[in-house]
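Trainee: Following the hints, position chain B against chain A.
Residue numbers (this note's numbering), protein chains in the order written: chain A, 1 to 210; chain B, 1 to 119.
In case anyone wonders, no lab produced these hints; they're calculated from the structure.
Quantities reported herein were computed from a predicted structural model and do not represent experimental measurements.
Fair warning: there could be bad hints in the mix.
What the hints assert, rightly or not - Within a straight-line C-alpha distance of at most 35 Å, the following computed DSBU-like cross-link-like pairs (lysine-lysine) qualify: (1) A:64 to B:60; (2) B:14 to A:130; (3) A:52 to A:64; (4) A:157 to B:60; (5) A:130 to B:38; (6) A:130 to A:64; (7) B:60 to A:72; (8) A:130 to B:55.
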Amino acid sequence: MKHTPTDYHDHEHTEPPSDIELRVKALESILQEKQLIDPAALDALIDIYEHKVGPRNGAQVVAKAWSDPQYKQRLLQDATAAIAELGFGGVQGEDMLVVENTAAVHNVVVCTLCSCYPWPTLGLPPIWYKSAPYRSRIVIEPRSVLAEFGVTLAPSKEVRVWDSNAELRYLVLPERPVDTEGWSEAQLMKLVTRNAMIGTGLALPAGDIR
Amino acid sequence: MPVLTEEFVPILVKTGASARVDVARTARFRVGDWVRVKNINPTTHTRMPRYVRGKLGCIKRDHGVFITPDAVAHGLGEHPQHLYSVSFSATELWGDVALAQDSLRIDLWDDYMELAEHE
Numbered sequence: 001m002k003h004t005p006t007d008y009h010d011h012e013h014t015e016p017p018s019d020i021e022l023r024v025k026a027l028e029s030i031l032q033e034k035q036l037i038d039p040a041a042l043d044a045l046i047d048i049y050e051h052k053v054g055p056r057n058g059a060q061v062v063a064k065a066w067s068d069p070q071y072k073q074r075l076l077q078d079a080t081a082a083i084a085e086l087g088f089g090g091v092q093g094e095d096m097l098v099v100e101n102t103a104a105v106h107n108v109v110v111c112t113l114c115s116c117y118p119w120p121t122l123g124l125p126p127i128w129y130k131s132a133p134y135r136s137r138i139v140i141e142p143r144s145v146l147a148e149f150g151v152t153l154a155p156s157k158e159v160r161v162w163d164s165n166a167e168l169r170y171l172v173l174p175e176r177p178v179d180t181e182g183w184s185e186a187q188l189m190k191l192v193t194r195n196a197m198i199g200t201g202l203a204l205p206a207g208d209i210r
Numbered sequence: 001m002p003v004l005t006e007e008f009v010p011i012l013v014k015t016g017a018s019a020r021v022d023v024a025r026t027a028r029f030r031v032g033d034w035v036r037v038k039n040i041n042p043t044t045h046t047r048m049p050r051y052v053r054g055k056l057g058c059i060k061r062d063h064g065v066f067i068t069p070d071a072v073a074h075g076l077g078e079h080p081q082h083l084y085s086v087s088f089s090a091t092e093l094w095g096d097v098a099l100a101q102d103s104l105r106i107d108l109w110d111d112y113m114e115l116a117e118h119e
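This is chain A alone, in the form it adopts within the complex (with noise of 0.2 Å):
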């Protein structure tokens, strides 16, 4: 019988975890060896960021400031107080600034120093949040970045990039998309999604859920 290069490798196998899982383990080892953590408490924290915190919280605020204007107003100024009414808060979400995309302005949200970002409304953040490249090209050609992200802005929009390296966590309010009238709170959150709420998105067209 003859061999293609190929019939070597149809038998099963495991690759070995990559260099970061390594790294990870070996970290995770260690501080638990010298109990400076636990291990349960890990669990409940990723458990909560898998499971229960993700972007759909920041869907729900944008569908509401949409729907109710005094809500909005509330929430661009005071952001941590409005989205606590929706019960969302706490970790990486203590200071919060909500910023409203228009007509003139386009916001975008980095943080060029590591990775912060609004974990009650977002969740964890996107690797590619925490890349290099985002981190350093956004700041310098957001409009390429974009771009990129399928985002391509008129160039007499202003766009206004938010380096969050400091103590406040950014939620970017995208435009509501035209013919939602008279659409409830539920229908709308489906049109907001994660990227459009950093701002290397928009919210999605009324068509693509109907």
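Mentor: For chain B alone, coordinates are given in the frame of chain A:
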């Protein structure tokens, strides 16, 4: 003894740990003031990125009084002071490659800046 145990996780997640402090400090700047970021180059922790050092910006919002990470990170106390949202034009930061209408906002502490003149 671990700093964080399982039973404290829900409490931590819910309440967080704000860096905002309720102490009175005089704000050195007012909204609308023009400021120049100091050109200093500490080798220790700072939240003043190199790309704003020496640049001219405008105070847009006073966030209130926050502890200063530059001091806290090195066990030098909380050093509470005002934190501001400061706006820079993209061309001030990056020159002619940027579009004049684009801008960047970053939060900077009182210590980082000096009052500046602006035409």
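Trainee: The structure should be examined with respect to each hint, and the outcome stated for every one.
Mentor: Each hint, compared with the structure:
1. A:64 to B:60: Holds - the C-alpha atoms of residue 60 of chain B and residue 64 of chain A are around 27 Å apart, at most 35 Å.
2. B:14 to A:130: Holds - the C-alpha atoms of residue 130 of chain A and residue 14 of chain B are around 24 Å apart, at most 35 Å.
3. A:52 to A:64: 20 Å, holds
4. A:157 to B:60: This hinted pair holds, its Cα atoms lying about 19 Å apart.
5. A:130 to B:38: 27 Å, holds
6. A:130 to A:64: 29 Å, holds
7. B:60 to A:72: Judged against 35 Å, a Cα distance of about 20 Å means the pair holds.
8. A:130 to B:55: 26 Å, holds
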